[in-house]
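Chemist: These protein sequence lines are chains W, L and F, in that order.
Numbering of the first sequence is given in this note's numbering, commencing with residue 192 and proceeding in unit increments.
Numbering of the second sequence is given in this note's numbering, commencing with residue 303 and proceeding in unit increments.
Numbering of the third sequence is given in this note's numbering, commencing with residue 806 and proceeding in unit increments.
There's no promise every hint is true.
[To be verified] The calculated PhoX-like cross-link candidates involving lysine-lysine, where the alpha carbons are at most 20 Å apart (straight line), are:
(1) K323(L) to K305(L)
(2) K530(L) to K348(L)
(3) K332(L) to K485(L)
(4) K324(L) to K342(L)
(5) K492(L) to K862(F)
(6) K436(L) to K230(W)
(7) K703(L) to K208(W)
(8) K582(L) to K450(L)
(9) K206(W) to K443(L)
(10) K885(F) to K681(L)
(11) K681(L) to K1165(F)
(12) K304(W) to K271(W)
(13) K375(L) to K580(L)
(14) K323(L) to K217(W)
(15) K1061(F) to K1165(F)
(16) K885(F) to K808(F)
(17) K348(L) to K582(L)
(18) K1095(F) to K1061(F)
(19) K208(W) to K297(W)
(20) K703(L) to K862(F)
(21) K436(L) to K206(W)
(22) K348(L) to K375(L)
(23) K859(F) to K492(L)
(24) K940(F) to K885(F)
(25) K681(L) to K891(F)
(26) K232(W) to K206(W)
(27) K1229(F) to K1198(F)
(28) K206(W) to K217(W)
(29) K443(L) to K336(W)
(30) K348(L) to K492(L)
(31) K681(L) to K937(F)
(32) K1242(F) to K1229(F)
(33) K935(F) to K681(L)
(34) K352(W) to K336(W)
(35) K217(W) to K437(L)
(36) K206(W) to K437(L)
(37) K530(L) to K580(L)
[To be verified] Stretch by stretch, here's where chain L covers chain W in the computed footprint (C-beta under 8 Å, at least three residues):
(38) 216–224
(39) 243–255
(40) 258–269
Calculated directly from the structure, the hints in this document are not laboratory data.
Quick reminder that beta carbons are idealized off the backbone N, C-alpha and C, glycines included.
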Amino acid sequence: MSNAEEKFSDQTLAKMKEAIAEYPDKASAVLPVLQLIQKEKGWVSPASQRFTAELLSISPARVKEVVTFYTMFHQQPVGKYHIQVCTNISCSLRGGEEIFAHCQKKLGLKGHKDVTPDGLFSLEHVECLAACERAPAMLLGENYKMELTIEKVDEIIDRCKKEGSH
Amino acid sequence: MEKVISALWSVPGANTLEVYKKHGGYEAAKEVLSSWTPEKLIEHVKASGLRGRGGAGFPTGMKWSFINRGSPKPKYVCINADESEPGTAKDRYILELTPHLLIEGTLICAKAIDCHHAFIYCRGEFYDQIAILKKALAEAKAAGIVGKNALGSGYDIQITVHSGFGAYICGEETGLIESLEGKKGQPRIKPPFPAVVGLYNCPTVVNNVETAAALPWIIKHAPEEYKKFGTEKSGGTKLLSISGHVNKPGTYEIPLGLPLSEFINSPNYGGGVWKGRKLKACIPGGSSVPILTAAEVEKTNIDYESCAANGTMLGSGGCIVMDETTDMVHSLRILGHFYSHESCGQCTPCRTGTNWAHRILCRIDDGEGRPEDVDELLKIANNMVGRTICPLADALAMPIKSFLTKFRSEFDKKARREKAA
Amino acid sequence: MPKITIDGKEIEAREGQSVIEVAHQNGISIGHYCWHPGLSPEGNCRMCLVEVEKAPKLMPSCMTQVAEGMVVRTEHASQKVRDAQKDVMEFLLVDHPIDCPICDQAGECKLQDYYMKYDKQPSHVPLETKIKKEKRVHFSDQVVYDTERCILCTRCVRFCREVGGQEELGMFNRGAISFIGLQSGELQSPYQGNIVDICPVGALTNSDFRFRKRVWFMSSSKSVCAGCSRGCNILTDYDKEEVFRYRPRENPDVNKWWMCDEGRMSYKHIHAEGRALVPLLRQGGEAAEKTGWDKAFSRTMEIFQLLHKRHGAEAIAAVGSPFASLEENFLLKKLFNSYFPGSPVAFPPEKLYHQGQGDKFLITADKSPNALAGSLLGLSALDAVFDGIESEKIKALYVLGDDFLIDRPGAPKVAERAEKLFPKLSWLVCQTPYLHKTARIAHAVFAGAVHAETTGTFVNVDRRAQRFFQAIRPPAQAREGIKILRDFGTLMGAELPDAENPAALFDAMAAQEKSLSGLSWNALGDRGMPLPSQGAQK
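Here chain W stands alone, though its shape is the one from the complex (with noise of 0.2 Å):
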């Protein structure tokens, strides 16, 4: 690659080259080359978004559309665990938004998107998670944590800090 701005893993480009194969056209891959660049640093750079186009052959600007168009690419570096609480119809009929302004006060975090200032947490309110028969939900990073309440948010928060301090 020529494009010297952002390096990747050889395991990233490897899966990144198997996706690529996947489709007729390897403009497709966009979406999952991106993910593999947010899994492995966390966020989409505009250095990244950059790789991604010379990578498939497209414009850098249509990289940066689809990385601010599809709301789980995150623009910014986000905490070490990125808790997204559904405050849609059904988790909020089962408690779902008092969740998340408990998770905000617990966290001390205002904004979307905010992250606590040792990088630990970030936080933002989702839109639904299809898990509504379990609301109220919660993605804890790839993990789906269902039928939440006050106290089983505060032991999962609670656990990850023990364990992001090590």
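Fit chains L and F to the supplied structure of chain W, relying on the hints for placement.
Modeler: This is chains L and F only, laid out in the frame that chain W set:
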């Protein structure tokens, strides 16, 4: 009732090839790939009465029949696993518990339109489910079920699992196609329909996960058998999620035609409204369909026709139950936020209308409304309907109109800043 | 050839045309923002909705292809359509900042025009509740973006992708917080100015034009860009005696709807420093001095006559210019051929004004607008003049237009020879709008006009004759080239065609020049005409 889709949900290890095959897995696909013609398959599924389970309810066999199989272009099947309609949590179960059932259904869809490369488009939040599906796919490939000469049939088929990344609109079939092409998921103007100009400008069918998952059973039975489950016009079974204020939220497979109140109250399903409270309202088919009052719930059965007769839709099967304490203004505000957040931004009426409606809902809900705001909301809803490329604007307009019609006094009260009684 | 009916009118359309195209071609206007005839349609603004019989909902006419027997009702025949358009207007204005008093688009803004046409209702969205977005985002030195005014029609995005050659812009985010931008850096396209033209609202403005002139004070004259040999059709926008901008003018055979940025900015030469404002004469002393036209003409005539008498007609030569109109070059040829027969009237070599390679779109290598004039009028090679000076046969020279004394990569020898030979001349006349090096060594300077200050014809690289019209008058005492030549000629006693009447002048020229045979001023029209083919002349 015999289960069509959820039969193996309680069987341990049903997500493995071994257990799935033990229960007759891939027999249907083997037969179809080896010896059925697309014509026979399409006729069989048409006769079963199977309709698309993603929300629109379009007859599946008919959808397949629109594909010009003689076209020299490749044909594509896209399985829509971008489950994201609020209230709906059914495809997640299929992905988690019986991924092979979905793969088998995909093989059958592919055969119907002479497709040799199918895509399963999963929502990005389904990290675990995608991992399960990919593992199952790897098993299937290793066992010669997917790939060249699939199941020894001489039919070649490749399946790609594709992950979205947080965009409700990619559940709309042309949005999904755009997304698969590596673009923003902005829906396309129809016509041309995907059957003619779809993925990579090739003939394409988009089928919902649940639709595909129903196919193996349907193939193994006479078409009438499937139809028998439902009503005359709504054949078969349907997965329904029930969420909100009920004792037993969950996802259940029901025969179409089941009375909605039974679904809410039966101990086999929702188990009744929680905390001994009364039912106030129910959104039967996912957040974009019109809401029903408690009285309307009594009259409604869970099938396409009865829902339509009662001014709502079966949609994707996300039944949201609200008890008597529910704040309707706040609930609609949540939906307003959702749809304005998910509007792709292409069409003027949707981009601005959903956002404007949401802002008005916020100020009414926050006690900063104006009496005329309620009528303004109605006007916005009316001005959005039917004037955009895809139905996302309608999907907010319909709840706005039904909430305001059926629970108007709550909105007026808040808009006039009257203290709650 | 599908037959369709629009508003009761039966129309024969071409296969594959959209309803809006057909309607516009037949004089039925349909309101629109995102559609542009030069770009692929997107159907996002929802302004061009029409009723199509049997269609369940209103259809975007830009994305609806004609089909045999289709029955369409537009805004002129359907209340349903008018209602929808009014609602679209309302949606577009919900978050619009209504900053027309400080917006440069005011006066040529589709939001303003359509508000008056379709909407006309008082705002009921308080300003303080509108979404605030970023103002004054610089896409480049030239293009400034105002997010709040943007209606996200994506014309600019599509232009860059489909015409500009590079997908530089994108529409980022989604829903109401969407905006247009670059992934990084600045716009690179040499055609970026066009996105300002096609922006239907005040979202994109040109930093060069911003805040300089309200558009309703300006008039436009039809013209042709003189920046290269493409001859893009343009409008010269001016007020009083000042030109404020060039804009492309549609011509399907030349530049479609577009022009390059260099051409667009070339209007700046009009008011640049160094214009020749008055006639000059150098008599004995080092520096040329201001003089009157009569004096400049009569002194030059005296010398020409003197040299003529002493050395014969061959002693007085002339050089035309690819920056001057066909008519100017023609008058020059007429004047010198009739008075000084046998002496060359030359024209600079084709390559002299070449720079770079040009591109595959509009920009050509030849930076002069009328390079074919020399061969069309049968003018001699420049070397004939140089050789004449060198052999001391030619004693006086009348030069039209450009500077010969600067190095040009296209023909390096020209400056070298001119530098060596021009000082040998007894009398050098330079008729020019600029006081360039050649003018500064001339004995007489006839202060001329640039093309925005005159009317005439250029022939472009594809042998297309195109008219341009005067926008403003030449500055101070400068005069239009055709007038200078005619006045000087009259003084010399020549009978030249009337320079006050461009049609008569052109038609007289076309009657005398074989290469232009069959053409007439009126026939050239707004879009010009191809010259008779070279084969036909023989």
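Chemist: None of the hints should be skipped; say for each whether it holds.
Modeler: Hints, one by one, checked against the model:
1. K323(L) to K305(L): Holds - the C-alpha atoms of K305(L) and K323(L) are around 17 Å apart, at most 20 Å.
2. K530(L) to K348(L): Status holds; Cα separation ~14 Å.
3. K332(L) to K485(L): violated (35 Å)
4. K324(L) to K342(L): It is violated: about 27 Å lies between the C-alpha atoms, which goes past 20 Å.
5. K492(L) to K862(F): Holds: K492(L) and K862(F) sit about 12 Å apart, inside 20 Å.
6. K436(L) to K230(W): Judged against 20 Å, a Cα distance of about 17 Å means the pair holds.
7. K703(L) to K208(W): violated (49 Å)
8. K582(L) to K450(L): Roughly 55 Å between the alpha carbons, so the hint for K582(L) and K450(L) is violated.
9. K206(W) to K443(L): Answer holds: K206(W) to K443(L) is near 18 Å, not above 20 Å.
10. K885(F) to K681(L): Judged against 20 Å, a Cα distance of about 15 Å means the pair holds.
11. K681(L) to K1165(F): The given pair, whose Cα atoms are some 51 Å apart, is violated under the 20 Å limit.
12. K304(W) to K271(W): holds (12 Å)
13. K375(L) to K580(L): Cα-Cα ~57 Å, so violated.
14. K323(L) to K217(W): Violated, at roughly 35 Å.
15. K1061(F) to K1165(F): holds (14 Å)
16. K885(F) to K808(F): violated (24 Å)
17. K348(L) to K582(L): violated (38 Å)
18. K1095(F) to K1061(F): violated (45 Å)
19. K208(W) to K297(W): violated (42 Å)
20. K703(L) to K862(F): This hinted pair holds, its Cα atoms lying about 19 Å apart.
21. K436(L) to K206(W): Measuring from Cα to Cα gives roughly 14 Å; hence the hint holds.
22. K348(L) to K375(L): violated (25 Å)
23. K859(F) to K492(L): Roughly 15 Å between the alpha carbons, so the hint for K859(F) and K492(L) holds.
24. K940(F) to K885(F): violated (36 Å)
25. K681(L) to K891(F): Status holds; Cα separation ~13 Å.
26. K232(W) to K206(W): Distance of about 15 Å is within 20 Å: holds.
27. K1229(F) to K1198(F): OK: K1229(F) and K1198(F) at ~11 Å, within 20 Å.
28. K206(W) to K217(W): holds (14 Å)
29. K443(L) to K336(W): violated (31 Å)
30. K348(L) to K492(L): Outside the cut-off at roughly 24 Å; violated.
31. K681(L) to K937(F): Outside the cut-off at roughly 24 Å; violated.
32. K1242(F) to K1229(F): holds (16 Å)
33. K935(F) to K681(L): holds (18 Å)
34. K352(W) to K336(W): Holds, at roughly 17 Å.
35. K217(W) to K437(L): violated (23 Å)
36. K206(W) to K437(L): holds (16 Å)
37. K530(L) to K580(L): violated (34 Å)
38. 216–224: holds (count 7)
39. 243–255: Since 3 is at least three, the answer is holds.
40. 258–269: holds (count 5)
In summary, the structure is inconsistent with hints 3, 4, 7, 8, 11, 13, 14, 16, 17, 18, 19, 22, 24, 29, 30, 31, 35 and 37 from the numbered list given earlier, while agreeing with the others.
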